[in-house]
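> Chain by chain, the residues:
Protein chains: 2
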Amino acid sequence: MPDTTRRADSLPGNRYGNRPTMKDVAARAGVGLKTVSRVVNGEPGVTPDTERRVQEAIEALGFRRNDSARVLRKGRTASIGLVLEDLADPFYGPLSRAVEEVARAHGALLINGSSAEDPEREQELALALCARRVDGLVVIPAGDDHRYLEPEIRAGVATVFVDRPAGRIDADVVLSDNYGGARDGVAHLIAHGHRRIGFIGDMPRIHTAAERLRGYRAAMEDAGIPVEDAWMSLGATNPERVRRAAEEMLSGPAPVTAIFTGNNRVTVTVIRVLAEQSRHVALVGFDDIELADLLQPGVTVVAQDAAALGRTAAERLFRQLDSGRVAPERIELPTRLITRGSGELPPAD
Amino acid sequence: MPDTTRRADSLPGNRYGNRPTMKDVAARAGVGLKTVSRVVNGEPGVTPDTERRVQEAIEALGFRRNDSARVLRKGRTASIGLVLEDLADPFYGPLSRAVEEVARAHGALLINGSSAEDPEREQELALALCARRVDGLVVIPAGDDHRYLEPEIRAGVATVFVDRPAGRIDADVVLSDNYGGARDGVAHLIAHGHRRIGFIGDMPRIHTAAERLRGYRAAMEDAGIPVEDAWMSLGATNPERVRRAAEEMLSGPAPVTAIFTGNNRVTVTVIRVLAEQSRHVALVGFDDIELADLLQPGVTVVAQDAAALGRTAAERLFRQLDSGRVAPERIELPTRLITRGSGELPPAD
DNA sequence: TAGAGCCTGGACAACGTTGTCAGATGCGCG
DNA sequence: CGCGCATCTGACAACGTTGTCCAGGCTCTA
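So the sequence lines, in the order shown, correspond to chains A and B.
Sequential numbering of the first sequence, starting at 1, is according to UniProt numbering.
Sequential numbering of the second sequence, starting at 1, is according to UniProt numbering.
It should be emphasised that the hints constitute simulated quantities derived from the structure, not laboratory data.
One should not assume that every hint holds.
[Claimed, not checked] Simulated restraints on C-beta separations:
id, chain 1, residue 1, chain 2, residue 2, range
1, A, Glu221, B, Pro239, 38 to 44 angstroms
2, A, Pro119, B, Arg147, 43 to 49 angstroms
3, B, Asp145, A, Ala116, 33 to 39 angstroms
Remember, it's a predicted structure, so these values are computed and weren't measured experimentally.
Idealized CB from N, CA, C, for every residue including glycine.
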């Protein structure tokens, strides 16, 4: 059979991207195209002898099924997309990993992309994933208008939002109890005698930031403490601004005696600032941070379970895929106050 | 034109996955199929008026190009794959993000998967990515035999290994100077008067672990210090084993006065153990860790630049794609010793 | 006004796979 | 020995897109 192997033997100058196809395998094995397909997919109705010949041809040619063609034919891609803010952020790593594990359990691959907190980039990414026909989409919103996803959802792309709710559309969302967690954290400080408590957080246009701020206000109000503007810093997006905000709160005639920080990045920066201060200032941070227990004092935090967020969202997504669309739901996961010392410091008035 | 919109208007019961195609758009806009393709791809040769009609139809139907079909036709997917150990590990987050940024700059998406340090899963993942016809592959090896990738590489899949070299095949690799970094770190301890220095690292079958161990031995030998078996713990894969290893080294008649740790996970565990000890033990760790500067004492580390590893690898990959295959290269990035206190403690003999 | 040349638009095949369906082969039984 | 049935195999169309190529209409010039 000199010419059944023609193509493989004469890869023209090893030209780029010339891969064997099922047709080539069929030719080499001396069987029909569909028989190869059957073998590759483990479908019944192939005699052991034929199967062996096909397997040998596959081996010899280094054939690998082209999933693009398969997807085109079958409709499903067995892959889901994840749009998050920044993979380098220690909060999103575990979340992404959890989504991946659930996907894997369902035989799907995860494609993820970082929006860098840019709504435009979020949309661009999400739509690129849809163009690749992911079966589902897990989105950590950067923007606040997700109507651009409506055609996709209508077309059957399962969609779940995590960490922050979708904007202007009705969709599944899984989030932490940001409001309650922040309220508890601030109440904890109040219970330890603080009254002048600072809040440093992200821009309130971000849902989580707004909710945590709301929790702060609620705790203060519950305790009958009027909040002064000078105690609050919103939109602290980079370390320099956080640093300045903290330093301002800690100076002046009536400095704050405790600070509540709105996310892990802010917390880390504030820890640095406090380490430089001679005074002891209490601190409770939203989000747990690694090694928080080894610092002096240990850092008291309101911890959310990033992995649980991811897992819950992914499971919800596959439920959508398995049983068709159901009414959108809002799932809220509890937070946990972990006391380690910094939140139990008394006011240093 | 009642029946040009037939399909869109009568989505049969909104059946799953029924999406408009270019054909539908063409029908609705009253133009030919190829004209729609031209508009979608921004190709020239369409009058403004026609283009407007097509755009309107696209908008109205919520059309989104099916990239699977596009890939099938064009051969390139504009996506690359990344196989790493665990996204939740703070070392890989920034690496992955760096790869993503380079990919984005080249208009490509990143698909990544975690091998969980399991060679079989690594292979499964890498081949799944190849079946999806990624243009290139960045692999952080878990296994030590990558011949399974030979057909893929021959077929034109650009491949770069990171952090550890490929096994049994000749391919591009980007790594840190693990040997030199470890040697420098240990030499640093020796320079501060230590002679009984412990080493706790991963299983030596992992290339980085073996290299760092080699660096440790070299530094000791350079200083004329014979290494005792009791000072070395390999295969410390989980916190319990690390803890036990550290405790053993620190007990007995002639305990080590300093420890060199082989990666960030080990370092963190050892820090915990040392925090419980009354004695002061010097410590230098491989890999930087967050907040290392705020601990008492600050943790001296041999830092590698995860982002630079990822960036370099991805750039190398796209060079392969742009200019065809070139001779495989081995790129080694320097490490940096960051002194913060723990590595400068004198021996507490 | 006719011819040449340009520009726009569309018909058609092909990419590699899978679902459908019908044909071929072999077997057992009457 | 012949028929029916079960089992195995392969031809063909279709998935949605893009590249090729040609047709038709337009403008411009001689």
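> Within 43 to 49 angstroms or not, the Cβ separation of proline 119 of chain A and arginine 147 of chain B?
45 angstroms, holds
> Evaluate the given range 33 to 39 angstroms for the C-beta pair formed by aspartate 145 of chain B and alanine 116 of chain A.
38 angstroms, holds
> Range first: 38 to 44 angstroms. Now tell me if the beta carbons of glutamate 221 of chain A and proline 239 of chain B are that far apart.
43 angstroms, holds
Going down the numbered hints, you'll see the structure goes against none, and every one checks out.
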